[in-house]
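Peer 1: Those sequence lines, one after another, are chains A and B.
No gaps in the numbering here: position 45 of the first sequence is 45 in the numbering used here, and each next residue is one more.
For the numbering used here, count along the second sequence from 1 and bump the result up by 1000.
If you're looking for bench data, these hints aren't it; they were derived computationally from the structure.
Owing to the predicted nature of the structure, the values given are computational and were not obtained by experimental measurement.
Note that beta-carbon positions come from the ideal geometry of N, C-alpha and C, so glycine has one too.
Treat the hints loosely; a few may be bogus.
As the list claims (entries may be wrong) - Taking lysine to aspartate or glutamate and the DMTMM-like style, the derived pairs with C-alpha atoms no more than 25 Å apart in a straight line are: (1) B/K1024 x B/D1044; (2) B/K1028 x A/D236; (3) B/K1231 x A/D89; (4) A/K24 x B/E1254; (5) A/K28 x B/D1044; (6) B/K1335 x A/E321; (7) B/K1124 x B/D1146; (8) A/K124 x A/D89; (9) B/K1293 x B/E1211; (10) A/K203 x B/E1254.
To be verified - Now the stretches of chain A that chain B is said to cover, found in silico as 3 or more residues with beta-carbon under 8 Å: (11) 18-31; (12) 222-236; (13) 245-251; (14) 259-270; (15) 319-325.
2 protein chains.
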Amino acid sequence: MKRLFNDPYDVVEEMIEGYVSAHKEYVKMCDLDEAQGRVVLAKDAGTKDKVGVIIGGGSGHEPLFIGYVGEDFADGVVIGNINTSPSPDPCYAAAKACDNGKGCIYLYGNYAGDVMNFDMGAEKADEEDDIRVETVLVTDDVVSSDNIADRRGIAGDFFVFKVAGAKAATGADLDEVVAAAEKANANTRSMGVAMSSATLPSKGGPIFEMEDGDMEIGMGIHGEPGVRRGKIDTADKVIDEIMDPILKDLPFVEGDEVYVLVNSLGATPLIDLHICYRRVAQILEEKGIKVYKALVGPFACSMDMAGMSVTLMKLDDELKELMDAPCDTPYFTQK
Amino acid sequence: MKRLFNDPYDVVEEMIEGYVSAHKEYVKMCDLDEAQGRVVLAKDAGTKDKVGVIIGGGSGHEPLFIGYVGEDFADGVVIGNINTSPSPDPCYAAAKACDNGKGCIYLYGNYAGDVMNFDMGAEKADEEDDIRVETVLVTDDVVSSDNIADRRGIAGDFFVFKVAGAKAATGADLDEVVAAAEKANANTRSMGVAMSSATLPSKGGPIFEMEDGDMEIGMGIHGEPGVRRGKIDTADKVIDEIMDPILKDLPFVEGDEVYVLVNSLGATPLIDLHICYRRVAQILEEKGIKVYKALVGPFACSMDMAGMSVTLMKLDDELKELMDAPCDTPYFTQK
Chain A
1 MKRLFNDPYD VVEEMIEGYV SAHKEYVKMC DLDEAQGRVV LAKDAGTKDK VGVIIGGGSG
61 HEPLFIGYVG EDFADGVVIG NINTSPSPDP CYAAAKACDN GKGCIYLYGN YAGDVMNFDM
121 GAEKADEEDD IRVETVLVTD DVVSSDNIAD RRGIAGDFFV FKVAGAKAAT GADLDEVVAA
181 AEKANANTRS MGVAMSSATL PSKGGPIFEM EDGDMEIGMG IHGEPGVRRG KIDTADKVID
241 EIMDPILKDL PFVEGDEVYV LVNSLGATPL IDLHICYRRV AQILEEKGIK VYKALVGPFA
301 CSMDMAGMSV TLMKLDDELK ELMDAPCDTP YFTQK
Chain B
1001 MKRLFNDPYD VVEEMIEGYV SAHKEYVKMC DLDEAQGRVV LAKDAGTKDK VGVIIGGGSG
1061 HEPLFIGYVG EDFADGVVIG NINTSPSPDP CYAAAKACDN GKGCIYLYGN YAGDVMNFDM
1121 GAEKADEEDD IRVETVLVTD DVVSSDNIAD RRGIAGDFFV FKVAGAKAAT GADLDEVVAA
1181 AEKANANTRS MGVAMSSATL PSKGGPIFEM EDGDMEIGMG IHGEPGVRRG KIDTADKVID
1241 EIMDPILKDL PFVEGDEVYV LVNSLGATPL IDLHICYRRV AQILEEKGIK VYKALVGPFA
1301 CSMDMAGMSV TLMKLDDELK ELMDAPCDTP YFTQK
């Protein structure tokens, strides 16, 4: 165990306290009772003439989700325990705090617990405050199911949130924001590889066992089973193995233009990620697929898990414009 | 071993190739022969009426150094092998590429190999091209020596580079940029804790042995010995132990205003860093020291080492203004 915390049962509360204190120019706590200390808001949440953009899910994936709350991105985040969906009341509180008459959108990865609790939050917002809340689930993980609607959301969350946040910032109505988020999700595919388990603070040890030197291709960000376990291969071979299903799935074809995200699951350093990116770029060039821009770094993590994922989003003019739109949050700022 | 690369002896070259490809809107390779493929430049390096800001050192600390090359920050980076200083000729090439008549400043952490090779680069730039190059060494690691001039540079590099980059962007002359960088360094103190070794690709294993569950207070970012090895304590106790020498050293006193950097050495996740930041903020509040702003995340790493460091920079109006100045690089953008 190589982690730093105090009481393992205070990890999320202390993280939130530290976060709101460190990034006080950007965020504040939601002071509604129903928020239960688990909703963090952009400083100007609920004050602009725009759709409220609300993201969330379990803790342990930072900077996802909390790191993307700020200006012209997400207005609020609902925070669950580690690898656990948030409760319904905080989901409701976030909608109440972020709505300014145009309604709200919930955006999160497709996990059963999150769906159940965010849906209950949306229902309460409708019944008690007449706030319209729509939901777009992120389903980018190609190996998690053959049926797209059943797939999990992983690092593709970032692209879908960014697109929706930028669309909302234009003053678009809720249907337009939903349409942009749905297009972003429909155009996004990801796959990852894990080389270790994350450490669960309450257990003081790994969530699952993995022998040193092994990898699991396709593993999810909570340790969900992947498609193959074996010895860690060269970066190029690993990238070849995860790029193939990604490219075939949409499919991404010659002439397409893509935004690339090479994401660390936590402990995999930038040096390795850029070696991986090098191979991603080679493959895309061979296929005649143009890289519009790329992001490389920790965007959607699993605490201290070693591993990485590749995400591609196929672009059109609207998606390019929304991805390029300025935003300012503690973990993603763009001029 | 939980790392992804190809031939371990190609790690730095492939990282650079991937980096320049991924971040092509920001950077380009330096095409001078003397650069030896180890100098990366901002797209507009050497074209503006400003002092050329050059940073560098060994690889493995990413985003330090390469991540801070871009607009209104560093103009060029000289890249050594892992944990190894760059060679003199690339240091020279960076000066030649970044100079536009106002001279250049070399900024890097105080390590003997770096000092020797950057000095040789500066000498060659003077002799062959009549370029004036000044150097400011970063010496923020309080436990590395009682004598400040002998101290190593760790995460405080970031503050010194940011201040110098912003000062140069104002069009200030070389003496003024040197003075700003020297003030930033004089006002900055850091200390860290390591909980594991980084993995050295060429060895396929750890650089040094550390038992699981142990920590070493004060360890350097290449694994230089710290002040105490023991069992990992609670985050609050660890922060208490590293904040005390930092505060006493400058000293930071009641009424001071500081910029805080809570830095991951690689594998320590944001959740832990924010728990650590929470305690840093409590201590500063108790002491009557005001936090101006804070940064929390991976800024100066040691590949996949588990651990973190705390850096404080005492601020005056000039340092605040320079820290707040806009900049745009792949790993630090500020509006």
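Peer 1: Determine for every hint whether it applies to the structure shown.
Peer 2: Hints versus structure:
{"no.": "1", "hint": "B/K1024 x B/D1044", "result": "holds, 12 Å"}
{"no.": "2", "hint": "B/K1028 x A/D236", "result": "holds, 23 Å"}
{"no.": "3", "hint": "B/K1231 x A/D89", "result": "violated, 40 Å"}
{"no.": "4", "hint": "A/K24 x B/E1254", "result": "holds, 21 Å"}
{"no.": "5", "hint": "A/K28 x B/D1044", "result": "violated, 38 Å"}
{"no.": "6", "hint": "B/K1335 x A/E321", "result": "holds, 19 Å"}
{"no.": "7", "hint": "B/K1124 x B/D1146", "result": "violated, 33 Å"}
{"no.": "8", "hint": "A/K124 x A/D89", "result": "holds, 8 Å"}
{"no.": "9", "hint": "B/K1293 x B/E1211", "result": "violated, 36 Å"}
{"no.": "10", "hint": "A/K203 x B/E1254", "result": "violated, 40 Å"}
{"no.": "11", "hint": "18-31", "result": "holds (count 6)"}
{"no.": "12", "hint": "222-236", "result": "holds (count 4)"}
{"no.": "13", "hint": "245-251", "result": "violated (count 0)"}
{"no.": "14", "hint": "259-270", "result": "holds (count 7)"}
{"no.": "15", "hint": "319-325", "result": "violated (count 0)"}
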